[in-house]
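Visitor: Whenever a hint applies, use it, and build me the whole structure from the sequences.
Each protein sequence line maps, in turn, to chains V and F.
If you use the working numbering, the first sequence closes out at 95, no skipped numbers anywhere.
If you use the working numbering, the second sequence closes out at 406, no skipped numbers anywhere.
Hints listed in this document are in silico derivations from the structure and should not be mistaken for laboratory results.
Using N, Cα and C, we set each Cβ at its ideal position, and we do this for glycine too.
Check the hints yourself; a few may be wrong.
[Said to hold, decoys possible] Which residues of chain F face chain V? A partial, calculated answer using Cβ under 10 Å: (1) His102; (2) Thr103; (3) Val115; (4) Ala352.
[Stated by the list, open to error] For each label pair, taking beta carbons as the anchor points, the in silico distance ranges come out as: (5) V:Ala82 with F:Glu198: 39 to 47 Å; (6) F:Pro403 with V:Pro50: 56 to 64 Å; (7) F:Ala405 with V:Asp75: 36 to 44 Å; (8) V:Ala82 with F:Glu130: 30 to 38 Å.
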Amino acid sequence: MRVSIEQDKCIGAGQCALAAPEVFDQRDEDGVVVLLTPSAPAGTQDGVRHAVAVCPAAAIHIDVED
Amino acid sequence: MTEPATDVPYFPMPRAEGCPFDPPPPLRTTVAERPLSRVRIWNGSTPWIVTGHREQRALLADPRVSVDDRLPGFPHWHEGMAAMAPHRPDAVFNTDPPVHTQHRRRMTAPFTVKRVQAMRPVVQKMTEDLLDRMVAGPQPADLVEALALPLPTLMISEILGVPYEDHEFFQKQAAIGIDSNATGEAAMKAFAAQNEYLAGLVQKRMAAPQDDVVSDFAARVNAGEIGVAEAAQMALGLLVAGHETSANMIGLGTLVLLENPDQLALLREADDDAVANAVEELLRYLGIIHGAQRRIATADIDIAGEVIRAGEGILIEFATANRDPRTFDRPDELDVRRSAREHHAFGYGAHQCIGQQLARVELQVVFPTIFRRVPALRLATTIDQIRFKQDRLAYGVYELPVAW
Chain V
30 MRVSIEQDKC IGAGQCALAA PEVFDQRDED GVVVLLTPSA PAGTQDGVRH AVAVCPAAAI
90 HIDVED
Chain F
3 MTEPATDVPY FPMPRAEGCP FDPPPPLRTT VAERPLSRVR IWNGSTPWIV TGHREQRALL
63 ADPRVSVDDR LPGFPHWHEG MAAMAPHRPD AVFNTDPPVH TQHRRRMTAP FTVKRVQAMR
123 PVVQKMTEDL LDRMVAGPQP ADLVEALALP LPTLMISEIL GVPYEDHEFF QKQAAIGIDS
183 NATGEAAMKA FAAQNEYLAG LVQKRMAAPQ DDVVSDFAAR VNAGEIGVAE AAQMALGLLV
243 AGHETSANMI GLGTLVLLEN PDQLALLREA DDDAVANAVE ELLRYLGIIH GAQRRIATAD
303 IDIAGEVIRA GEGILIEFAT ANRDPRTFDR PDELDVRRSA REHHAFGYGA HQCIGQQLAR
363 VELQVVFPTI FRRVPALRLA TTIDQIRFKQ DRLAYGVYEL PVAW
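Guide: This is the structure:
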């Protein structure tokens, strides 16, 4: 699963960092999403899909499903 | 249908007698067939009300939907808000992206998942201390006064650096600001008093910074990035939003658990993940943001077979969307084991609640702790004797008499 983010749209709600902390983090200074890895490791796919579903800014995209 | 009929219902509307946890029936009966309809509000205007979950998502992500409450035709909450709006500087609450994005990013740092998780032990200790004090006192006690209101107030005061001794002052003023019956004059006075207080605090922290959020805002004033008025507005928004909402969730959540012993039993056995899941369901089910968020269309928008015209007001009513049968199975059932994660309890879109991670931690700590520390907790009255906040922007209970 390939993941991409749009930092410009991010509002720092933190829902992705809560849903899949192995894949998403937040910048300390403003909470903006940081992608830790563009390739979701095994076992994190559900969390990533959850993050996509709840992101209030629709700033997370799954590019390739596998 | 774009012209409102003459029998448009008045909003806000009360919840049904005997169904204090369910959104008002006139909004709920139509949500699947009519996710958008019209209501009449205090000034006689008839904005759209959006109760459908997916329609809310579409509109709250639509750049043609504005939160700028200074635009003519904006469907204000009440006369007081309409009177105040032109006097408020640009802030996170009344601007759209990209201006909004800059304001929001100045306020987010204290509410990241990591920062808030680090405060979990503080929340735990405050909760236990407040409960210890309650059980040492007379019975029955009011759980709102003993725990639901002081806990979030202490937390947001601590984060902001607002002296807790001043909490009575700002709680009183904030209550006027969110009373849907407040007059323009009363709301203006309360707003001015709070603003003056926080502007004073910003100036104090400009001279003598501490390790708190008001000091962070004060540093931005010193750097010439924002003015004292903007800093005071940011602090005021966090202060008001930070205590009233969580307080309502704690009071109402405790009541709904006492009224649903099967669900309470599940919560008592739950591990941390199950508690976190249960909190999301309580947020969905209780729908405490029932006064509807306010927006205005800046262009014509086609949605759900209707056309919202440029300049028309839009009310986003989250409580009903959280019961939308197209999104949630058996929406009227409280089921702490379900996945409720797509709820709109914190809103949706660019203005979704900044403090949501703090609220989650508070609620995840509070509910298990209440029933572990006071296992015999029970309602000291009957539910029909409880006064619900029908007339407030956020729903909850005024008092919750409990014994143990």
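Visitor: Assuming the hint says 36 to 44 Å, is it satisfied by the Cβ distance from Ala405 (chain F) to Asp75 (chain V) or not?
Guide: Since the Cβ atoms of Ala405 (chain F) and Asp75 (chain V) sit about 43 Å apart, the hinted range of 36 to 44 Å holds.
Visitor: Determine whether the Cβ-Cβ distance between Pro403 (chain F) and Pro50 (chain V) falls within the hinted range of 56 to 64 Å.
Guide: About 41 Å separates the Cβ atoms of Pro403 (chain F) and Pro50 (chain V), which means 56 to 64 Å is violated.
Visitor: Does the CB of Val115 (chain F) sit less than 10 Å away from some CB of chain V?
Guide: Hint on Val115 (chain F): holds, closest Cβ of chain V at ~4 Å, below 10 Å.
Visitor: Quick one, is the His102 (chain F) hint okay against chain V at 10 Å, beta carbons?
Guide: holds (8 Å)
Visitor: Hold the hint about Ala352 (chain F) up to the distance rule: shortest CB distance to chain V must be less than 10 Å.
Guide: holds (5 Å)
Visitor: Could you tell me whether the CB distance from Ala82 (chain V) to Glu198 (chain F) stays inside 39 to 47 Å?
Guide: Because 43 Å falls inside the window, the suggested range holds.
Visitor: Can the hint on Thr103 (chain F) be confirmed by a CB-to-CB distance to chain V that is less than 10 Å?
Guide: holds (7 Å)
Visitor: A range of 30 to 38 Å was offered for this pair. Does it hold for the Cβ distance of Ala82 (chain V) and Glu130 (chain F)?
Guide: About 35 Å separates the Cβ atoms of Ala82 (chain V) and Glu130 (chain F), which means 30 to 38 Å holds.
Checked against the numbered hints above, the structure violates only hint 6.
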